[in-house]
Amino acid sequence: MTGQDNNAERRENAAPAIELRGISKAFGPVQANKDISISVQPGTIHGIIGENGAGKSTLMSILYGFYKADAGQIFIHGEETLIPDSQAAIRAGIGMVFQHFKLVENFSVLENVVLGVEEGEMIRPSLAKARKHLKELADEYELHVDPDAKIEDLGVGMQQRTEILKALYRQADILILDEPTGVLTPAEADHLFRILNGLKEQGKTIILITHKLREIMEITDTVSVMRRGEMTATVKTAETSPEQLAELMVGRKVLLEVDKKPAEPKEPVLEVENLRMVDEFGVERVKGISFNVHAGEILGIAGVSGNGQAELLKILGGIANGTGQIKVNGQELDLTGKHSDGRSRRERGISHVPEDRQHLGLIMDFAAWENLAFGYHHEPEFQKNKLFMNIPGMIKDAEDKMESFDVRPPNAHLEAKSFSGGNQQKIVLAREITRNPDLLLVGQPTRGVDIGAIEFIHKQIIALRDEGKAILLVSVELDEILSLSDRIAVMFDGHIMGERMPEETNETELGLLMAGVTDTDEGEAA
Amino acid sequence: MDLLSILQIFDSAVRLATPLLFACLAGLFSERAGIFDIGLEGKILISAFFSAGVAVLTGSIWLGLIAGLAGSVLFSAMHGLASITFRGNQLISGVALNFLASGLTVLIGEAWFGLGGRSPGLKNAERFLPIELPFAESLSGVPIFGPIYKELISGHTLLVYVALLAVPLSWFVLYRTRFGLRLRAVGENPAAVDTAGISVIKLRYAAMLIAGILCGLAGIYLATGLGAGFGKEMSAGRGYIALAALIFAKWRPWYALGATMLFGLLEAVANRYQNIDLGGFIVPVQFMQALPYIMTVIILAGIVGAAIPPRAGGQPYVKER
Amino acid sequence: MEKMPRWADVLLIPLINLTIAFSISALVILAIGENPVVVVKMMVSGALGSSYGWGYTLYYATNFLFTGLAVAVAFQASLFNIGGEGQAAMGGLGVALVCLFIPFPHWAVALVFAMAGGALFGAIWALIPAYLQAKRGSHIVITTIMFNFIAASLLNYLLVNVLRPTGSMDPSSARFPETTHLPTFHDMLTPFGINFSKAAPVNISLLIGLVMAVAVYFLLWRTRLGYEIRSFGKNQSASVYAGISITKITIVAMMISGGIAGMMAINNTMGESERLIMNSVEGAGFIGIAVALMGRNHPFGVLLAALLFGFLYQGGGEVSLWTKIPRELIIVVQALVIMFTGALDNMVRMPVERAFIRAAKRRKAS
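Residue numbers (our numbering), protein chains in the order written: chain A, 4 to 529; chain B, 20 to 340; chain C, 19 to 384.
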């Protein structure tokens, strides 16, 4: 299917199309890329796989001149090449299809294609030439797009083709695609792979960044695995298996021991029935999912981020609208109307620790005590009288919560931005857990949190469960899901791929489900 | 109403529309590149002052022209510095420049001429004078066309014709040249321009330069063509009306011509007839004066066809992390 | 990550910004052939050297206090209300209607009603742009500018055609009745044996302005609404997470802003001219922008900035009497303050921040 053997011999002898040596890049204290070396033969498809935040996109942005590496060298066809900006990357024959397309929405396909590579001061000759050339490319690679269509009128699949055409028109012979199938339907994705194979046949080199194992197995010749900024392995695809890749991707992390009694689930608190959500770009993010969470139980939702978990939390938390049916304690929630907002949800006993604490959960310029009432600032205990809030009471309340949640430094007057990530998260948790909710929504509770705080946060979540509350936990950290959850559902591409009990599954099985690989035909779990 | 008075109203409309048209096109280039420009008013004022002031001091309209352009371009550069280089708030910068112009012109004017902010009246050599087009007199006998040619088409200053030429020229630059393509792109999606290997910053400064020149011409015409000297606050809100016209024109050159001509006509009518009697109902002159603004609000409210500004307008470009 | 200390953010950077703005102003004065030191001395003696000077300084400061607070409240919700000028003008209409058409027994009663009238008209004038922003996404900066012009035309019409007493050539309303005349500082201080200039227009509105500053402080930092306004201004998406309505806050914050701007009319229309005149606001709505930016949108800062601008305004007037420098000098200063504390803030902030981070690193290293 990949047709890789015909000219394998020739490729082995040629200089690598791309070779990176010792690339490192840090953003402040975060080491996004650590001493990465990679070599890609011309005329092959090379996959780079890893979890979100593993450093894949950073690496490719360095290659495209968007960021400057702190250390390391880049060789293109055996020659060391400096890539200080995108112009240099284009000159070196590198084309990039970003995850978020870089297209001018109200321009035609043709205009987008010629932008930046016009010939001469006038655009008409360039457009005419591009029109002709585009037709050739379209015929050659099955890349048919109406050249006069406006981008805003095209679907995402067509927009992506435009991006590929842009790169080809610039005579790129190395093409980088960052998570190209994230926005595509399966049929569109298949078509894309045919195109990529066609390009390979013509001798182009392709780097495919993805977190989907199926794609790696289906189309790549070689694959590199990245984890936490490091390149953990580079192997021939034919010589590996999805299981092995899943293991390399997730890594063998020491499971944090969590003291946990067996769950005693009682009546269902949250009942979700055929929930759907279409985002502002018209892409369906949640595709009809159904599940329950019972009192005294933690349901863990595993999955690579971007598969609809964030949207699920937003609908439940009243931030986004959805369709379908959600019941809490047997009563239906308003999903689109007047009562579909954060305040109404809190009044229904739903607390929400959002995935993105810095942009949603906290106001970074507010003091800790102000943040500790955020969303609950209408509650009677925070009011002095009809007119004024009870500021001393709020501060006292904040200090108590900060003490019981061990927030350091325990200074309620400090602004949220002055706390470390772990302590910021403790502030959010303290606020949400102490409301004694019937249902707690938790998104990525330990993202960017140090080990000590992780343990504390996990204990708090379990304590709440033991009080008989229902908890919905969304996390991309598999070990967190495994150690906290009483039941695990895996989300992929807006669907729930399956449910597992933590004691009956392992990281490899979950990893496969997360990558959209199902060996059984159980479909969506109820 | 006879033909002559209709022609006179239209003639006056063309004159009054000219500064609006220049300023509107200036705003068009700026906003098409993604930079909000509420500083049009200030640029008109500063160039009006420097053109008239320097013309008086040197006796040359051409030196006045250069000085007016320099003043406006300098203001544009400051706006660029604040909004492009230092990624400041473009609205606040524009407001500041408007005040700066309104203060500086009086301050310097008083120091130069001591006339309370006015400049002395301009002599003929210090002004742009009406140009009589060929055969205007001899053709005036021809029915309909003759008077139209003589009263309406002929007899404007050079700058009026420049303004009218600026419309097709702007259209051509924006829609037919490489520069125009890139300029429009940078106002819609600077990341697309950046990843195509083109400098966002250079493009935006270029747009600022063009806006400075065009807006400068607006002020120069006001002080040396339409009027004969600088008067305190003589821009009188024209920068804002131009902004309104720009929204009205949906950021397109030909529409800009239509919108500014319409607003010029409103002003001409308001100047000529104090109150308009519409069959017993009297439209007060103040309503006519406010009409451009009211119409703009209605357009902005999306009641009559939505006006969609360039998508990246007002946002400083920062490479995403 | 290393950060800049708070004092640098709150004090050092604004101070550098202001220093630059005032230095350039001094250069402008030099450039037109005057001596900045002499000018400053003249301003100080003109604005602060007599109770007459103080009286005008404080009168202007009162105007700027109202408009500065108005702009600051909107800024706290990250809304740029550039329509203070029109809102204050409409407030003048509200005050005038109240004073002209309701017979009041005493100025104190009149004052309460006039405040309500001014605030109501100002708030309504801000409501339409706010509604359009919240519901239709029309840019509030553009709509408030347009509303300034519409207000000017409307007032022009009303003063010429409706409110002008028959026989008068002056486009202004009739004089307000005696019982609506507010006590000036001269009236208020004479019982205490203090001889304050009788000609100076500063009046009881200053005290109302101070009360408003305190009220705005309490509103922003002591009430739920203020809490919501501030959180909306800092982070809109987090506010949505917390269940705060974007529409409600946009409309309410703008109406409060417009109301405060409209209330300014008790000072200039009711307190000073005692009738509604053309262009009564005299740019105070715009100076409010400089005052709010300089005062960093905090009522206390706004008060200080309003006093400074009151001083500049009165001092500038004095300077224009004795030198060739017209009072428009103040507009230049105002422009430079807006430019450097508002739009060019990063020009100072970035290098200062870098310097602090470098210093911190060096400390750590040694």
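Treat the hints loosely; a few may be bogus.
Below 25 angstroms or equal to it, Euclidean Cα-Cα: the simulated BS3-like pairs (lysine-lysine) are [unchecked claim]:
| no. | chain 1 | residue 1 | chain 2 | residue 2 |
| --- | --- | --- | --- | --- |
| 1 | C | K153 | A | K341 |
| 2 | A | K71 | B | K269 |
| 3 | C | K59 | C | K153 |
| 4 | B | K338 | C | K59 |
| 5 | A | K153 | B | K269 |
| 6 | C | K153 | B | K269 |
| 7 | C | K342 | C | K59 |
| 8 | A | K105 | B | K338 |
| 9 | A | K399 | A | K389 |
| 10 | A | K71 | C | K153 |
| 11 | C | K266 | A | K389 |
| 12 | A | K105 | B | K269 |
| 13 | C | K382 | A | K420 |
| 14 | C | K266 | A | K387 |
| 15 | C | K379 | A | K420 |
| 16 | B | K338 | A | K37 |
| 17 | A | K341 | C | K342 |
Partial selection, computed: residues in chain B whose CB lies under 10 angstroms from chain C [unchecked claim]:
| no. | residue |
| --- | --- |
| 18 | S112 |
| 19 | G113 |
| 20 | V114 |
| 21 | L123 |
| 22 | V161 |
| 23 | P162 |
| 24 | I163 |
| 25 | P328 |
Note that these hints are calculated values from the structure, not bench results.
We put the CB at the ideal spot given by N, CA and C, even for glycine.
Assess, step by step, whether the Cα of K341/A is no farther than 25 angstroms from the Cα of K342/C, and give holds or violated.
violated (63 angstroms)
Hint consistency between K399/A and K389/A [alpha-carbon to alpha-carbon, up to 25 angstroms]
holds (20 angstroms)
Holds or violated: K153/A and K269/B, Cα atoms, limit 25 angstroms.
holds (18 angstroms)
Quick one, is the G113/B hint okay against chain C at 10 angstroms, beta carbons?
With Cβ-Cβ at 8 angstroms, under 10 angstroms, it holds.
When you check the alpha-carbon spacing of K338/B and K37/A, does it fall within 25 angstroms?
Distance ~22 angstroms between K338/B and K37/A Cα, so the pair holds.
Would you check whether V114/B satisfies its interface hint, that is, whether its CB is within less than 10 angstroms of any CB in chain C?
For V114/B, the interface hint holds, since the closest Cβ of chain C sits about 6 angstroms away, which is under 10 angstroms.
Tell me if the straight-line CA distance from K342/C to K59/C falls inside 25 angstroms.
Holds. K342/C to K59/C sits at ~15 angstroms (cutoff 25 angstroms).
Sort out whether K420/A lies within 25 angstroms of K379/C, counting only the CA atoms.
Holds, at roughly 20 angstroms.
With a cut-off of 25 angstroms on the C-alpha distance, tell me whether K105/A and K338/B pass.
holds (12 angstroms)
For K71/A and K153/C, compute the direct alpha-carbon distance and say whether it is at most 25 angstroms.
The given pair, whose Cα atoms are some 43 angstroms apart, is violated under the 25 angstroms limit.
25 angstroms Cα cutoff - pair K71/A, K269/B
The hint is violated at about 40 angstroms.
Does P162/B meet its interface restraint, that is, does its C-beta lie within less than 10 angstroms of any C-beta in chain C?
Status violated, d = 40 angstroms.
Comparing the model with each numbered hint stated earlier shows that hints 2, 3, 4, 10, 17, 22, 23 and 24 do not hold.
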